[in-house]
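Trainee: Sequences are here, hints too, so could you generate the full structure?
Chains A and B supply the protein sequences, listed in that same order.
Reminder that position 514 of the first sequence reads as 514 in UniProt numbering, one-by-one numbering, no gaps.
Reminder that position 466 of the second sequence reads as 466 in UniProt numbering, one-by-one numbering, no gaps.
Hints should not be assumed to be uniformly reliable.
Claimed, not checked - With the Cβ distance kept under 8 Å, some of the chain A side facing chain B (calculated, not the full set): (1) L59; (2) V61; (3) I65; (4) R67; (5) K100; (6) R136; (7) P139; (8) V289; (9) L317; (10) S457; (11) D458; (12) R469.
What the hints assert, rightly or not - Between beta-carbon pairs, the in silico distance windows are: (13) A/A229 to B/K684: 42 to 48 Å; (14) B/D466 to A/Q336: 49 to 55 Å; (15) A/Q336 to B/L640: 20 to 26 Å; (16) B/W704 to A/E281: 48 to 54 Å; (17) A/Q336 to B/K443: 40 to 46 Å; (18) B/Y613 to A/Q336: 33 to 39 Å; (19) B/K442 to A/K211: 52 to 58 Å; (20) A/G528 to B/L411: 47 to 53 Å; (21) A/Q336 to B/D662: 39 to 45 Å.
Just so you know, the hints here were simulated from the structure itself, not pulled from any lab data.
Here a beta-carbon is modelled for each residue, glycine too, at the ideal position from N, C-alpha and C.
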Amino acid sequence: MLPTEVSRSISQQWPCRELQSRQLASLFSPHTASPSTLVVHGISATCKSTIVRAVVSTLQVPHAIVRSTECITGRHLLTKILWTTLEALSRKNEWEKFGKGRCEHVSALVVLLGEILASSEDGKFVLILDGIDKQREAPQTLLAALARLGEVIPSLCVVLILSSTPRPLFLQAVAVPHVSFPPYTRSEATRIILNADSPFVDGLPVEVVTKVYPQFVSTIFDSLVGPTASSIPVFRSICDKLWPQFVAPIVNGETPPGGTGEWDFMRLLVRNRPLFRQQGEAALVHHIVPEEPTQEAGAIAKPSLKAVSAPSPLPSLPYFATLILTSAYLASHIPQRLDTIFFSKFSSSSLSARNKRAHHRRRLKLLSRAQAEDKKANNPSTPGKGKRQKTRITKSTLESAFASSSATTSAPGGAPGVTGPSTILTARPFPLERLVAIYHAIDPNPPANPIKTAAVSDAIYAELATLRRLRLVVPAGARDSSGGSGRVGGGPSGATSLSSGNTTADAGDKWCVNVSGDWIGEVAKEVGVEVGEWLAGGLD
Amino acid sequence: MALSLLESEAPDLSRDGLNTQGVYIYRPANAKPNKPQNERPPKRRKVESDGQEKQEEKSQGAQARPFVPLLNGEESASSVDLRYNAYQRLWSKQEAKIQEVLEDVDSKILEEVSSFVKESSAQIYDGCIPSALVTVGSNVSSLGRLVTRLNERLITSGEGGVVVLESGDAPNIKTTLKNIIRAAVTNTEGNDGYQSFLTDREGPRLLAYDLDLLGDYVQRKGVTKLVLAFRDSEAFDPNLLTDLLSLLSSWLDRIPFTLLFGISTSVELFEGRLPRSSVALLRGQYFELHEASNCVDRIYERLQADPDGEFWLGRSITGVLFERTSDYFYTPEAFCRTVKYAYMSHFFANPLAVLFSKDSASAGLPHGKLCQAVRNLPSFRALCEDLVEDGHSKQVRNLLENDEYLFQECLKYLETGQKQMRNIFEAVKSTHTFLKHLNLSKKIGVSDISILALSGELHNSQIVNDILNTMKTLDSEGLKGLLATVPENLADSPQVREIQRDFEALLEAYPNSKPLQSGYDNRNSVAKVTVVQQRVQVTKSKAKQPKQNVEYTQILDRFHATLGAYFAETLVGPQDLYLYEVFLLDMRYPLKDTVAPRPRFAIERALSSPFDYLISTSDTPENRLSAKQPVTAILYQLYLESGAIVNAHDLWSAFYAVFESDQGDECDERVIMALFYRALSELKALGVVKNSRKKVDHIAKTSWAGL
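Mentor: The following block contains the structure:
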């Protein structure tokens, strides 16, 4: 079969990959010698594995596919390569001949594979390692070693499928052919979507579908999919979700505006502007529990505000635990030097303290106004040359902190993109004693006689242990170490200290809150604490 | 032969001893002349029979007498046994009730979850792993119960099973997978089955963490649902979870996984913690489990208000229990343990608990000491005073002098007291139903009413007043409903029966009229506005009532009076009952300190005033700093006076000054220096001080007293 024929047959099912399938087909063609190693790379959802599989199976080249994600260790991968090779050559019952099914090192693999392929009569064998760059616990030399397999064994062709862009010479070998799978362009993506049928909507005339659907798909791409660099499956699911709502006016028999008596694309678009704004953006984010599609047409016109699918967005923590969490949040987000001003009960009633606090707020307000103007002028604020900027808490940083979703701030290791002088965005570690002290300051139901009532710190520690288990408050050390986990060559990530069984903590150890402020604010409101009142700068 | 056996046994024994022995003399094994040189040392064997026997003996010994004799050790052995047996009988009854409630409480969710597990599959969710998100709130333990019962169901139907995974089982991905595979296989095959599964298979031996094993198992057993339950999903390392999810999803075409996440915070937060690529692999539904407080309320009601109750927890214990459940992470199981502790402490420490035993009367115990104890009770004194006031002085004399008579009377009073307690709780329950029936307040639970009732305040409380007032305005339909909910005790009384009869007669007399209106109903009053000398006067007057309504109002009045009398009669304070010390436990202190121990508080107190715990050698009990106190305590008190960081030399000179002032010139500086070092290192070990990074010769304070 000629490469062009192969690519033609494949492109019927997976369009827009003719070039790549032709390249692959000519490289794997049974009539020519294949390169010993081949690298296929491209970001996820660009059809790499599917096309490679399709090509080798159309050409009927003997091949074995090993999915790297299913292999836990490097040794596991090697063993798996051995078995799948045996299985592909249907010599599985001869496993005892070849290392008794055991393979612990690449050098052993070379010998065993060589034996297997030498004793089999087929001329060529393709070994496909899918997602090999994501291999867990791989030794550093694994990739380079696997690339040498084909050099040592003449009849073998090793295909490495990578989802990251390879660095130059990452295999330590020259002239390894690479086949690149670039992301789909606008026209390709829309073509793929249009290749499939439009989602069926009851009562919609066919001519409307043929006329409006292509325009709809390209609008979706321009407004939602293109800017977010989403993949084809996301694109398809958005189209499936939004199309019935988009054409709902036609189905419901509403009269189009303008008196023309006919709905065309522009009218529908104007009508459904909110659809793209709210539902569309919501559709970009996958939720575990999908939102119930609102069937009624009225819901499209005025999208309901409660888009949250979770039963209760707020966790139901007990009273005491909530209060501790709030204190932890405050301790994490207020610079320690402001503690006496904001929490001290001795100074709270005095005139000077009030003046001081008012002064702070005024200053913060001015600052925030200045910063807002800065933003308006739209100059990317470059930090002064080497001059250390003072920590500033401004209204805008506060707001941005509260606006940021829990995903960005609570992700372990913090969002790497967030740098700079903001103190609100990054929760800072605090010692436990400070947490207890702040707890006393913010307690909404303080004991009538604080001298006589027994200390609560013991109770606080007990609850803190549970909060730690829920990873709402974490030891500061653990938070840092959980940041990076190496895949290839990273070795086992040193997260043993993170294991939840370990609850030892020294006296001076620091802790850190691990959730975003938006819901702490709401949770705290339920127990009677206004976080905004305590936060430096306030939220007025 | 026998000789060599004996000798080979001997080192075994000594070696077992080594585990606990601190110091021993090393004897090389080849020192023995008659032993061949190259023979292997005997392998250690588990000496099972020996240890078991010992344990059994011990447990038998414990079984014989778990309680100690009270009354200064003069309580007889049979009476101790009676107390123990009474406790066993009572608690086993209560425990059965608790189990019933716990099983009942989540049965609805169980149905929902199991139907989800049955119906969902990867095909429906386009290749996503079906996952159920169960929000458990602070009711952390409930998921475990749910999962066990789900597992039973799946196993009996032969569809598969549930693998429960806790964060402790998942330190890294290899161990996690090993645990999953092992748990899945042993769930149906047992431990031996797992071993044989590993070894008796064709082909090369697989690694223990290879999911091929599980795939093989699934294929062999025809498993259609394999549920993987993450009990505390927040506690899992997020990186590990991400890894695991991607792995599971790539196996989904071969192993039918269904995931079950127990979430204590919120679904949103759980989703937010995972990377979006992992979230995209999951799809499913959420389920909400009941809050712990709901469950605890029901357990409490069953324990206290059941009509066969014999022993009750008092007001302050109830207060402690419900404070714990509402303010802290407190599972229903922990609640039950606390209640059990209260029961145990009563029967353990109260010699009068022997009266609970059914056959305490027939046992013919010597009750001299017991009667003496009874005579010391405050409630006994109150009883005697009441009797004297009523002029029964002879009976009082009898009670004071005749042990046998007192004992019999005690049993009688115990019974009446218990009966009154049952009545109180019946009234509590009916108050609760009235509240619900009259739509007065949904928030007030049995526990709140119980606390009021146990402190004897329910009768005069707002709740009862509200009930009585609202009752007066009911129409006939409402009254009919209310009469149906009246407690049996009250319904049997002649007044209520008469009211019921009259009421029915009235209804029959006017069969087609609308529901009869009460005369107290506001709708029947007419507001009249008159202008008298430029002043507006609003007068309310009753509209003229039809005859049947007047009659109905009379019935209502009678019922109101009866109900009021019932509440007044039943809702006495339990502390006013005679011999309440026997059947009511209301001591807050041992319980509270056991449930919520306060180690830091105790350490701080011990260090700052050591003679609260130690016997002072000096004659004058003084709180002042003195050299007679333990050195660590002295240093701690000096430390309390310091700031955030303190110079070690200053601390030393202050420390020395304490000794100098006490012992004058004869104090040895070197000895005191040694003491100082010891005290300082002890404080360091307690985590109170640490080295300061700011200044080399300073130590930093890390704990403040009284927080």
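Trainee: Each hint should be assessed against the structure and marked as holding or not.
Mentor: Structure-based check of each hint:
{"no.": "1", "hint": "L59", "result": "24 Å, violated"}
{"no.": "2", "hint": "V61", "result": "24 Å, violated"}
{"no.": "3", "hint": "I65", "result": "12 Å, violated"}
{"no.": "4", "hint": "R67", "result": "6 Å, holds"}
{"no.": "5", "hint": "K100", "result": "6 Å, holds"}
{"no.": "6", "hint": "R136", "result": "7 Å, holds"}
{"no.": "7", "hint": "P139", "result": "16 Å, violated"}
{"no.": "8", "hint": "V289", "result": "5 Å, holds"}
{"no.": "9", "hint": "L317", "result": "6 Å, holds"}
{"no.": "10", "hint": "S457", "result": "5 Å, holds"}
{"no.": "11", "hint": "D458", "result": "4 Å, holds"}
{"no.": "12", "hint": "R469", "result": "5 Å, holds"}
{"no.": "13", "hint": "A/A229 to B/K684: 42 to 48 Å", "result": "55 Å, violated"}
{"no.": "14", "hint": "B/D466 to A/Q336: 49 to 55 Å", "result": "51 Å, holds"}
{"no.": "15", "hint": "A/Q336 to B/L640: 20 to 26 Å", "result": "22 Å, holds"}
{"no.": "16", "hint": "B/W704 to A/E281: 48 to 54 Å", "result": "49 Å, holds"}
{"no.": "17", "hint": "A/Q336 to B/K443: 40 to 46 Å", "result": "41 Å, holds"}
{"no.": "18", "hint": "B/Y613 to A/Q336: 33 to 39 Å", "result": "36 Å, holds"}
{"no.": "19", "hint": "B/K442 to A/K211: 52 to 58 Å", "result": "57 Å, holds"}
{"no.": "20", "hint": "A/G528 to B/L411: 47 to 53 Å", "result": "51 Å, holds"}
{"no.": "21", "hint": "A/Q336 to B/D662: 39 to 45 Å", "result": "40 Å, holds"}
Violated hints, in rising order: 1, 2, 3, 7 and 13; the structure is consistent with all others.
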